[in-house]
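Enquirer: From first to last, the protein sequence lines stand for chains L and W.
Counted the way my numbering counts, the first sequence spans residues 1 to 232.
Counted the way my numbering counts, the second sequence spans residues 1 to 390.
Keep in mind the hints are simulated off the structure, nothing from the lab.
Among these hints, one or two may not hold up.
Stated by the list, open to error - Calculated lysine to aspartate or glutamate pairs in the DMTMM-like style (CA-CA distance at most 25 Å, straight line): (1) W:Lys-73 to L:Asp-143; (2) L:Lys-49 to L:Asp-25; (3) W:Lys-269 to W:Asp-297; (4) W:Lys-73 to L:Asp-188; (5) W:Lys-311 to L:Asp-52; (6) L:Lys-36 to L:Glu-118.
Since the structure is predicted, the reported quantities are computational estimates derived from the model, not experimental observations.
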Amino acid sequence: MVLNLPSEKVKPLSSTSETATLVVDTAREELLASIKNSLGEAVVDSHLKPGDDLWILVRTDAWQASLKKLRDVHSFDYFCFLSAIDWMPSPYGRGEDDPTEPAPERDTTIRPGYAGGETRIQVFVRVVNSTTHIGLNVKADVDDTTPVIDSLISVYAGANWHEREAHEMFGIDFAGHSDLRNMYLPVDFEGYPLRKDFPLLARMVKPWPGIVDVEPLPGGDSSDATNDGDES
Amino acid sequence: MTMLGDRQQLSYIASQAADARLNLELETEGMTLNIGPQHPATHGTLRIIARLDGEQVVWAEPACGYMHRGYEKLAEVRTFPQVTTLVNRIDWLGSFANEVPFILAAEKLMGIEVPTRAQYIRTILFELSRIANVSLFLGDLGVQLGAITPVFLAFRDREYVLNLIESATGGRFHPNFDRIGGLKDDLPAGWIDETRAVMKKLRNFCDQIEDLLFGNEIFQSRTRGIGVIPRDVALQYGLSGANLRASGVDWDLRRDQSLPMMWNKADWKVWTHPDGDSFARCWVRLQETRESTKIVDQLLGSIPAGPVMAKVPKIIKVPEGEAWVSTENPLGEMGYYVVSRGDLGPFRVKIRSASFNNISITPWLLRGVYVPDIVTILASLYFILGDIDR
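Put together the whole structure using the sequences plus the hints.
Expert: See the structure below:
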């Protein structure tokens, strides 16, 4: 990709957190306070990016009840999506290792995202209030050894397919979902493709061409091509 | 049931009554009908398995996965600029619109402000992809009902829009033109005048389709009162775009959300329809195409001079964080939940595509309908296979 780079030195980019502190978001702050008030103990943690978005982490056993309350009390009536995240960094990196060399050691320490959490895999759902158009991301921890969480079908009927997808991609069981058939993969497929420890085989069987064909661009500065990105 | 229009209420009751009748009548021998994966009405390879009782559907379920490409996994091994190539192929009729929310999410995490000129051109190209996408829907609609003329008109006029997109971006179907920080290139000379002329043609096309199709008695009797989705059901299933607005929800992400795009600089209207039936969905899409041509026309006149690319490092590393950006794409709400760990590539990308939610309502919606209506209902929900399977 060729970018139209200016000739002078690139200015450091302002990070979002710096600019965000200037914004006051009373609507979301009030919403968060009232959610904490009505859900009580169920809310473990929260994260607010003023003027942008709101995250809460709820207790796993209160998952279904919390969303029911959010729908009925706070009128989050629009179901946007449900999915999961595997917070363990991939042991295969970006799949650019040379297969003839021994694999490098990688740090696979699990670090959760916004609103925290303790487990490797988290389920998250986004619901929106169709009147105020304010969205809310709700996360919940899922136990590593027995990944089970309540199904949301009774709260949002649209969660059906999303839970099926999360089940086949992450191996999460949704208690109360009667029909967790695979949507995409063959019936006898083994493994959970979107988990980070599931290798992307296309990158494993053949060296990634980006690694083996490193050569300077014609007419370009050769030091740029091998720069690993320190300038950002 | 809340806030239903009279007509919506009546058609909903009618469909419920058909449902109840099914249970009361004597049980006849059922039959399983397999539609697709290769069928003209399935826009790709969606397979629908329907269990029938006589002419009525007792149970129906789409079987997805014939085109699953695993973009969420693939995005994890690519750098941020490389992901746009993948997401271009999600909704292949309005490709440019797929790139925009992803790029906006990356820009949000990086805190980049895009030059105003780039924002204008982005918005114009976004609306052009909407026109290219929905005009094909309007033509295709006729084919589903046995009318062949509209599709010829649609292909003729869509070609003008594709030519515009091609001359600006270099790609007819997969532009891959959006960059973190702006656009790959500026507009070519003479493009603005050409676009104005094409928008006029497209408005004529909308008028023609309205005359040919929407005023047609057969079309009306095949779509009115068929496949009614009440407002609260539409919200629960996460329907979006024209499907949601056809159920009477006045919600358009272009208007109701502040994004660094230029929709609020133009004067246009969000159309809704109280009925929630197949006709309403088609009608809302027709009006939206008209509004899009208006948006493009107005924005063309006010593009400011200036650069189209912000100052962005050559090697893009996105700071740590999570961001959700969704836009009102031709098919509905398309969003990306991007998690970055300060690396060259995203840690996780959740692609929320409109068709996946829009089609997940079909098992509920197809119960009790007659076999010929399956085709019109699916056509009016309007999906692209790549947008379901991703």
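Enquirer: Flag every earlier hint the structure violates by its number, smallest first.
Expert: none
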